[in-house]
Amino acid sequence: MQGDLSRLRNFVWPHQDDPKERLLLDPIPQEEMNQIMLRPMMKAGPGYWLTVALLALVVAGALFGYWFYMIRWGMGVAGIRRPVGWGVFIATFVFWIGISHSGTFVSAILRVFNAEYRRPITRAAELMTSFSLLAGAIFPVLHLGRPWTVYYMLPIPNQRLLWDNFQSPLSWDLLAITTYLLSSTIYVYLPMIPDLAMARDRTKGWRHVLYKLTSLGWRGLEYEWHYLHKTINIFAFAIIPIMFSVHTIVSWDFAMAKQIGWRSSIFGPYFVVGAIFSGVSAVIAVLLVVRKTMNLQYFLRKEHFEALAKLVLIFSFSWAYFFFNDYLIEWYGGEWVGHQLLTLQARGPIAPLWYGMIFFNIVVPWTTLWSKKVRQSPTALFFIALGIQVGMYLERYIIIPGFLQRQRLPFDWGEYNPQPVELSIAIGTLALFCLLYVLASRVIPLIPVWEVLEGQLSHSRRRIGKTVVTSIAELE
Amino acid sequence: MSETKTGHKWTMIVDLDRCTGCQACVVACHAENNVPTVGPEEVGMGRSRHWIRIERYWDGEYPDIRARFIPIMCQQCGHAPCEPVCPVFASYHSDTENLNVQVYNRCIGTRYCANNCPYSVRVYNWFDPYFPEPLEQQLNPDVTVRYRGIMEKCTFCIQRIKRAEDAAQAEGRLLHDGDVVPACVQACPTKVFTFGDRNDEHSEVAELARSRRGFHVLEDLGTDPSVVYLKGGESHAG
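Residue numbers (this note's numbering), protein chains in the order written: chain R, 1 to 476; chain A, 477 to 714.
Treat the hints as calculated values from the structure; they're not laboratory data.
Please read all numbers here as calculations on a predicted model, not as lab measurements.
Ideal placement from N, C-alpha and C gives every residue a C-beta, glycine not left out.
Hints are not guaranteed to be accurate.
[Stated by the list, open to error] In silico DSS-like cross-links for lysine-lysine, where the CA-CA straight-line distance does not exceed 30 Å: (1) A:K638 <-> A:K667; (2) R:K212 <-> R:K43; (3) R:K258 <-> A:K707; (4) R:K292 <-> R:K372; (5) R:K258 <-> A:K485.
[As the list claims (entries may be wrong)] Simulated restraints, written as ranges between beta carbons of each label pair: (6) A:E517 <-> R:L154: 35 to 43 Å; (7) R:W49 <-> A:E612: 48 to 56 Å; (8) R:N114 <-> A:L694: 52 to 60 Å.
One chain only, chain A, in its complex shape (with noise of 0.2 Å):
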């Protein structure tokens, strides 16, 4: 009887060439994770509830201009600045899957995990949810649906990894590479997202991310990310 691997380091590889900004894994991420839409004023005060967000940066000067996406979700530092700060472990490292992992019932919503995260991934629970008809009937039932004062943030849809390792578990055998697929990757058209365990040396991710290509938005910080970003063309974007 073979156990589940523990000591998983789940990484995602974005590969920068590929993304033409259609923002289809952020309506995935929405459906899967049951995060509600909050109008357009809301989101003009900067409140958008997106785990994932595009980020498009203009490059060049017009007429000879392109626009740069960068998808932009919860890196999963290994040094993540978002632990430390948070005064009651609301906001804490998973030593086995190697996540940050939020816990809804502790945190008492002091919003300090969201300052100090540099890429502002944080998402605010500002007031209660509210899932117009007819998308209340489609809340996924693996998947907490957070009230107001909390903060939130992508998971690598850790619901999906749980899972497949329940999955491999009963099948008695280990976790393949592609058994975890989170709604983000699932869901783009142009395969940006690559996700898997990268202390598994044989998966894909482990060989994308030694790519010359790879680098970590904002690796100055030694945050030390789990997110892989491989640069796009001539672009140093990122």
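Next up, chain R with everything else stripped away, as it sits in the complex (with noise of 0.2 Å):
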């Protein structure tokens, strides 16, 4: 009877989510918990150099071979010809500035909604956009005739008087990268400080002296966690509208041309919810392999991977909503070439691709995200996260050298094939990104632990008359 009873008190309502799960509110000694981030770090076993040697040689290979290929010969080795201008390259590279609107969406935006699950993952999603940004800001070079004048589009004074011309979309892009690139390293170097110094002291030898440099003498007074806390506050709104204008910005490459398909004033949201669609499942399938292979199980709990499935889900909708309303107008605008372009995609050769599309990114988040057990199941997310990735990158390989094939005179259509090299780039790309994300798990703690133990010294569960409520103490 008694044991009944103790059982009654500690009855949840079984719709609410336990916040225990969510919140991490079973909390382990701070020691401990240091230990379980830097314990895997610290460990590279032979399976760990294996990955890293066999994507450094993909990184060399496919990437800067075929790269240095196409300098030597010409542009004239990928597939691109007259009237697809842009193709694998710009696509890839529209990818990747999606991917890494993932670290900013997830941190910033849910940092200053003051979403508390957020705490064990923000870390791992800002590291991927600085990462993803890297590997995407190749492309603009790399897709040049000539490469090596990269620098005319810098506005560097030069006694020949050239100049860039700030009308062109690709100076903004120029701009919009950069400052996003370096706007985001500093926002995720900011949070990493105290667990730099964190590191520090529980290390020797070449990282110790590493920590040493990189956390600035933190010492965890309580004046450097105001400023430390004030700092963080105004980059996340900062940083917040500049994630915004990027994808808005590399949108406008597209919108702000003739070209048919392209010449669509909703492209700056579309993108942009595009991007952070990706960006997000991309977090869950990252986060998925950082939690498996470095066991930080206690961190990465199913609750924070159901949390960010919804927001999938959540973004697949406004995605749908924004292909729909672009898709309508088009069709029932009845312009001709506009009509070619439906059919393009409808019974054209790109047909398997857009109906690829659809599926990886309408079709199969719609029917199995709505279930707790599917958003759940990490094998399930794993593979819905990495099927998005497939879609969109489909989207944009569909708006780019896809809708280039048609044109207003039917005399200069073509179809565009792209050829090895330039699949090898793109996947050359791919490993760069998981290459710089693998050294980057043994030097950089992927968790924000102090932002975990933060959360977890201002939320307490307590007993009021029958029910355990989850209380929450203000910060700062």
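Work from the hints to combine the two standalone chains into their complex.
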């Protein structure tokens, strides 16, 4: 009888999520938490080095090898042709810039809205931002016919009076991407300082030197915390408009042009939503790998993935809304070339890609992610998230080289077939992203331990009458 | 001492009634402007390098069918879509000649201008140029040979415009109508093309441009082209 009563007292309404899981309200000693994070960082087995070697090989061969080959012989080794001036390179560029929205969205937006479950996942997501920007920023250089003249695009005063054309969306691109890369790198670094100091106090050798330098003499004094919180807060607010502007500007590369199918006033928000959609699902895929390989099950729980999966579902809805809008207006407008584009997608050579995009971006998320069981299953989520990457890549591919195949003068139409050089270079940047992430996983604490601790300290479970509620102490 | 008249509006009139699709203009352009030939494989990929091309459209249904030809070259737009998108001013507007000029040495090869050209007339150097013997013996010294990675297009034979201007200035006179003859105009056996300065009220092009048969290709885009086509016969081609 007594046992039954105590069970009743601990009863939680079944439809409520258990905050214990989402907010990590089962604290363990701080030192143990630090060690959970540090232990896998120190450990690099043969499997790890094999992965690094393999990825480095792919980066050297598929990316840089083919790039030099292309520089040596000319752009002609790629499949692009008249009228398709941009192909796999620019599609992959937009894909990576899209992935880079993962970190900022998960970290900054959830931070300013005080979504507490974000705490363990922010750092890993922010790192994705920086690395995918690096992977993406290769393409604007790589796709140039004369990449050695890339500095013509920089506004550097020179004796030949060359200056860049600030009317060109490509100049805006350059400014937007460099701004985003710099600010997101600072934004990932700032919250890392206390964790670097934590690592500094617990390591020896080269790591100690590295962490000593990078933690900037952090001592954990009150005023340091005060300034850190303040700076992070400013950055979190400031980086959100940058994030929105970056993908809007990338979309303007197309929307500002005369090409039919590109000339759309909805492209800005359409691209931003698509970017966040692919970015958040990329966070799921990467975090699942990190959790598995680095044994971070304490920090990353299935409830976190469930919360992210809900975001993915919402963004799948939003993306579908924009997609439908863009499509319907083209169709209803009834312009002859626009009609040819829609025929190309529905029945033409790119039809399999178009149906694939709809399958991965709409059909799969909508039929699976409504179920809590699926949202909490790591394997299912991993494959759904990867599918969304494929779907979003196809979207970019259809919009860029796909649409360019149809012009207003039918004599100029042309089919585009990607060549091995283009595909290898695209795969090479994927390897570059993975390589950077794998290397960083052994140097940078992927979980912001202090933020998790802060969350645990500010939340507690109180019993009021017969219910258990989570109480939150306001920070600052 | 008279100055060379500035502020030209170089204009090409293309009379579609006269075009037989013989491609003599294409060959003349290749020879004049050092445009290399690329071979059947590359042309099959859509990488033909013609600065002027004859687009062929079929009019009607078999057996009552006829071919219509439209020579398409750079339209030298007044509001050119290729100009604002170039990040380095390689594609820009010459105010004195009212032409779109391409500065080869500035071009970094983004291909944005080509994507944005509704007429798809911009030609990219996919590889280094190759002139099989004996073609390398006939390169025009007035025109640069372009190397891989840059964009090029019809210039209205700007080297001939400059030569005519220099000659007129040396003789201390204004340019006469008919002083400038681009290669395609010179080569055309049926006199499809008429070239001249539209700002000169009495020029032949100014008169022809006022023709009721006159139209611009893709006029609705508002690109304000400098090439005026004269409608052919009963057809509404173009």
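Here is how each hint holds up against the structure:
{"no.": "1", "hint": "A:K638 <-> A:K667", "result": "holds (23 Å)"}
{"no.": "2", "hint": "R:K212 <-> R:K43", "result": "holds (20 Å)"}
{"no.": "3", "hint": "R:K258 <-> A:K707", "result": "holds (25 Å)"}
{"no.": "4", "hint": "R:K292 <-> R:K372", "result": "holds (21 Å)"}
{"no.": "5", "hint": "R:K258 <-> A:K485", "result": "holds (25 Å)"}
{"no.": "6", "hint": "A:E517 <-> R:L154: 35 to 43 Å", "result": "holds (37 Å)"}
{"no.": "7", "hint": "R:W49 <-> A:E612: 48 to 56 Å", "result": "holds (54 Å)"}
{"no.": "8", "hint": "R:N114 <-> A:L694: 52 to 60 Å", "result": "holds (54 Å)"}
In summary, this structure violates none of the numbered hints.
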